[in-house]
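S.K.: The primary structure of each chain is shown beneath.
2 protein chains.
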Amino acid sequence: MKKHEFKDLLNPETVALIGSTSRNRFYFLRSLVSAGFRGAVYPVNPKVRSAFGYKFYSSLLDVPDDVDLVISEVPARVTPKIMEECVRKEVKGVVVFASGFSESGTEEGIRLEKEIVKIARDGGVRIIGPNCLGIYHPEHGLAFRPDLPRDPGPVGFVSQSGGHAINFALIGKVTGLRFSTVVSFGNGCDVDAAEILDYLADDPKTRVIAVYVEGVRDGRRFFNSLKRAAAEKPVVVWKGGRTDSGSRAAASHTGSLAGSPRIWDSMIRQCNAIPVKTFYELVDTVLAFIFCPRVEGRQVGLVSISGGSGVVNSDYCSEVGLEVPQLSESARKKLSGAVQNVGTSVANPIDLAGSFMSPIAVKTVFETLKEESGVDSIIFELAVQYPSFYADFIEDPTLSTAFYNMLIEECREAGKVKPVLIAIPQVAYEDAQRYVRDLFVQAKLPVFPSVERAATALANIINYYMKTVQRK
Amino acid sequence: MKKHEFKDLLNPETVALIGSTSRNRFYFLRSLVSAGFRGAVYPVNPKVRSAFGYKFYSSLLDVPDDVDLVISEVPARVTPKIMEECVRKEVKGVVVFASGFSESGTEEGIRLEKEIVKIARDGGVRIIGPNCLGIYHPEHGLAFRPDLPRDPGPVGFVSQSGGHAINFALIGKVTGLRFSTVVSFGNGCDVDAAEILDYLADDPKTRVIAVYVEGVRDGRRFFNSLKRAAAEKPVVVWKGGRTDSGSRAAASHTGSLAGSPRIWDSMIRQCNAIPVKTFYELVDTVLAFIFCPRVEGRQVGLVSISGGSGVVNSDYCSEVGLEVPQLSESARKKLSGAVQNVGTSVANPIDLAGSFMSPIAVKTVFETLKEESGVDSIIFELAVQYPSFYADFIEDPTLSTAFYNMLIEECREAGKVKPVLIAIPQVAYEDAQRYVRDLFVQAKLPVFPSVERAATALANIINYYMKTVQRK
Chain U
1 MKKHEFKDLL NPETVALIGS TSRNRFYFLR SLVSAGFRGA VYPVNPKVRS AFGYKFYSSL
61 LDVPDDVDLV ISEVPARVTP KIMEECVRKE VKGVVVFASG FSESGTEEGI RLEKEIVKIA
121 RDGGVRIIGP NCLGIYHPEH GLAFRPDLPR DPGPVGFVSQ SGGHAINFAL IGKVTGLRFS
181 TVVSFGNGCD VDAAEILDYL ADDPKTRVIA VYVEGVRDGR RFFNSLKRAA AEKPVVVWKG
241 GRTDSGSRAA ASHTGSLAGS PRIWDSMIRQ CNAIPVKTFY ELVDTVLAFI FCPRVEGRQV
301 GLVSISGGSG VVNSDYCSEV GLEVPQLSES ARKKLSGAVQ NVGTSVANPI DLAGSFMSPI
361 AVKTVFETLK EESGVDSIIF ELAVQYPSFY ADFIEDPTLS TAFYNMLIEE CREAGKVKPV
421 LIAIPQVAYE DAQRYVRDLF VQAKLPVFPS VERAATALAN IINYYMKTVQ RK
Chain H
1 MKKHEFKDLL NPETVALIGS TSRNRFYFLR SLVSAGFRGA VYPVNPKVRS AFGYKFYSSL
61 LDVPDDVDLV ISEVPARVTP KIMEECVRKE VKGVVVFASG FSESGTEEGI RLEKEIVKIA
121 RDGGVRIIGP NCLGIYHPEH GLAFRPDLPR DPGPVGFVSQ SGGHAINFAL IGKVTGLRFS
181 TVVSFGNGCD VDAAEILDYL ADDPKTRVIA VYVEGVRDGR RFFNSLKRAA AEKPVVVWKG
241 GRTDSGSRAA ASHTGSLAGS PRIWDSMIRQ CNAIPVKTFY ELVDTVLAFI FCPRVEGRQV
301 GLVSISGGSG VVNSDYCSEV GLEVPQLSES ARKKLSGAVQ NVGTSVANPI DLAGSFMSPI
361 AVKTVFETLK EESGVDSIIF ELAVQYPSFY ADFIEDPTLS TAFYNMLIEE CREAGKVKPV
421 LIAIPQVAYE DAQRYVRDLF VQAKLPVFPS VERAATALAN IINYYMKTVQ RK
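As given, the protein sequences belong to chains U and H, one line each in that order. Read in the numbering used here, the first sequence has 226 at position 226, and its numbers run on one by one without any break. Read in the numbering used here, the second sequence has 152 at position 152, and its numbers run on one by one without any break.
So that you can see chain U by itself, here it is in the shape it has in the complex:
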């Protein structure tokens, strides 16, 4: 019997949805419709005749077509019966949404999980899950929620948690990240993180891999896969259950043994993957990888509107291992010519103060930092509370639009040479903040909600590139 690979499940021609009900408004059916799934969809539920224009079948065995992938929403105790039908129907794989298996810690749950694994192994059917959301693969129109972006992109995400898989896929709408493949694999009783990593390592559409993992059954296999993947492309790993209480929560969430955080951390580093500690650090680091060029030096040029910001932004950068070097004599001279006001600093950090909205000053800053050999990257703090307020103040809204467009152009040009990270902190002026952020995101520039977060992401990618030999 053919052993299907995880990748065989990603491009199904036919999907059957088992247990799709009106109770949850045909959640998975609607997800596939929203994602624009191009193959055939066969919903199965003996109590429903049709929904969304789809005829329902009483049983999987009644579906008058071959079925590649099954998405099962039936409860845990009914799942073995469904698995047997899947074997008879010769489906390639099943996403098992239900929880109540080994993660419940009950004898019954553990027995049920063993039973479905046995049926699947004997019958040549793969399982994703149980206790998971399954696959978001926008290119093929597979999705586990109806509100995810339809267009694909270069980010792969392997997540033991469905909640984190949803959140990361959704945050793409805000950050500009798009996905090749996102998999929520839950208890991972069959298809596990290692196998998905193997796939993403080889997938030419995936440029950066993110991982959320609580625990693995076969540590050696996971770390082999992680090492191989990290040799191909950046792999950012967020380990859940790093503390005693987190581990305890992980055990009841996905039945995982979380393991020692120190061992995990050192293994992740040995694999040359990048460990992160929070959801936002995961998102930010992936964002920096996707939207910044390769960078192999720690020296950052810092630009802001206020002296106080310059001070604390220097602190934030230094604390994550970046350096804020004094600029060369010639650079400072050049900047002094363009940044007129007293009270500004041009030594780095650069504090533009009253010259913040001067096109000459901003252009000179980018030109100077782009050319300065002692500066490897640029963090620009865009404090919208100044230009937006000022445009209101002088009653000329076109002023700020012109300023932002000019700034985007400068960031784009400089961004071809060195990483340019834009921080738009939240203070007030939230409409402006979002409007301006969206302008930058549309221009495919990496935007962060604070300089701390930009600096942390930048330090992560620099650490990676400085350890990694450039591939040809």
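It cannot be assumed that every hint is accurate.
Where chains are identical, the list cannot tell them apart; a pair therefore holds if satisfied intra-copy or between any two copies.
[Stated by the list, open to error] In silico DMTMM-like cross-links for lysine to aspartate or glutamate, where the CA-CA straight-line distance does not exceed 20 Å:
1. Lys416 - Glu232
2. Lys114 - Asp218
3. Lys277 - Glu323
4. Lys277 - Glu319
5. Lys173 - Glu430
6. Lys173 - Asp392
7. Lys173 - Asp431
8. Lys233 - Asp203
9. Lys89 - Asp66
10. Lys7 - Asp66
11. Lys416 - Glu367
12. Lys418 - Glu323
It should be emphasised that the hints constitute simulated quantities derived from the structure, not laboratory data.
Following the hints, put chain H in place on chain U, whose structure we already have.
M.R.: Okay, now just chain H, sitting in the frame of chain U:
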């Protein structure tokens, strides 16, 4: 000659604005008008006849009235002349906005600063600044920007940086914080952080004091004032220039010698003040002090919608020194009755999953956590991407409104007994996020944009209260 105290400058009956020009659209004049200053305002500029309905005077000496406070916008080199006029006019104090004094590092700047200090000392006039924005005191209608909240509140902020003073005052609009007194004092050549701290320590309208400081001239005096203030009320201290590059930036920003960060940190702790490392940690910690009751235990009840969130939220809490205890047998039994779905956890963290929007489940959770003796506080992660999505999904927007109103009521009730911190993370659904956040802020509940930030703030206030003997 009377030595005026800082507090004498806060309630002026007359303010003169020197150097108010159309070039910056009469910034300070507009700020006073916006803040509703109730006394008399006399703008001085020989080149302007009137603006905003105010007659301009050619010189301070022409003003036909006593002047309590002067706000000077003239350049550094003209400031000594203005100071002399202030002495002749017997004003109590002058806010010197101009930079180009000692912070410039130039001989000229250092000389000018010495000169204005001498004139002021000899003549009995106090200086705030130079290189500063001065005073925001909403109760008396003083403000350094026209877009700050007009209503006063219980937060005092002493800031060496004008930018941070603006940002903190502005972020009140979003977080619900309001201010008694905010002072940006820049180089602090006369009125310094210590004197403002002394005032805020005694001010009955100030319940919590925030401090941003880069360096102080008289360390012993500053720490005496800090210690005295911290004995009266919580004082949260953000030290800028904690790193070499941050110190260098501080030197050119406010001419401050930043000093060893380790010594600062231990001195702040010795004073029983609370050291923080970022702007947002400052804001969050003040928010927790203002909107949470006193708490003297580290055990937190964690509620979220997803198992994965429960795991990482437990990690975040543990990493900042909180504990996530298992709930008692009876609490778990009670919760199991209300939280129906399989796949949820009721042990703590509580993962509501499908019961997230069930009023019975939510009410039972709050009732149980409120009564559970082993739980000292509650962090509720409100993932608006679920209720908002679900309300769209079932096409019933009233559903989410009803849910949020119910939740606010529960948080309010429980918040009377134990701190309840609400985290509304940013994922997508930004309109909903903001709408819901504003509902909670209006209900005077402490809202944070992530569980990490809520947990950090909570840990800070717990550390403070557990070290502090309760005052009668």
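S.K.: Would you mind marking each hint as holding or not holding in the structure?
M.R.: Going down the list of hints, with the structure as the test:
1. Taking CA atoms no more than 20 Å apart as the test, Lys416 paired with Glu232 passes in neither setting, with 23 Å inside one copy and 54 Å between copies.
2. In this assembly of identical chains, Lys114 and Asp218 lie within 20 Å of each other by CA distance solely inside one copy; the values are 16 Å within and 71 Å between copies.
3. In this homomeric assembly, Lys277 and Glu323 come within 20 Å of each other (Cα to Cα) only across copies, at 18 Å, whereas the closest approach inside a single copy is 22 Å.
4. For the identical chains of this complex, Lys277 and Glu319 are neighbours both inside a copy (16 Å) and across copies (10 Å), given an alpha-carbon limit of 20 Å.
5. In this assembly of identical chains, the alpha carbons of Lys173 and Glu430 lie at most 20 Å apart whether taken from the same copy (17 Å) or from different copies (10 Å).
6. In this assembly of identical chains, the alpha carbons of Lys173 and Asp392 lie at most 20 Å apart only when taken from different copies (17 Å versus 29 Å within one copy).
7. For a Cα distance limit of 20 Å, the shortest separation of Lys173 from Asp431 qualifies both inside one copy, at 17 Å, and across copies, at 13 Å.
8. When the C-alpha separation of Lys233 and Asp203 is checked against a cutoff of 20 Å, the pair qualifies only within one copy, where the shortest distance is 10 Å, while the shortest distance between copies is 58 Å.
9. Within a single copy, Lys89 and Asp66 get their C-alpha atoms as close as 7 Å, which meets the 20 Å cut-off; across copies the closest is 95 Å, which misses it.
10. Taking identical chains as interchangeable, the C-alpha atoms of Lys7 and Asp66 lie at most 20 Å apart only when both belong to the same chain, with a minimum of 18 Å there against 83 Å between chains.
11. In this assembly of identical chains, the alpha carbons of Lys416 and Glu367 lie at most 20 Å apart only when taken from the same copy (12 Å versus 56 Å across copies).
12. Taking the closest pair of Cα atoms, Lys418 and Glu323 come within 20 Å of each other only inside a single copy of the chain (15 Å); across copies the shortest separation is 43 Å, beyond that limit.
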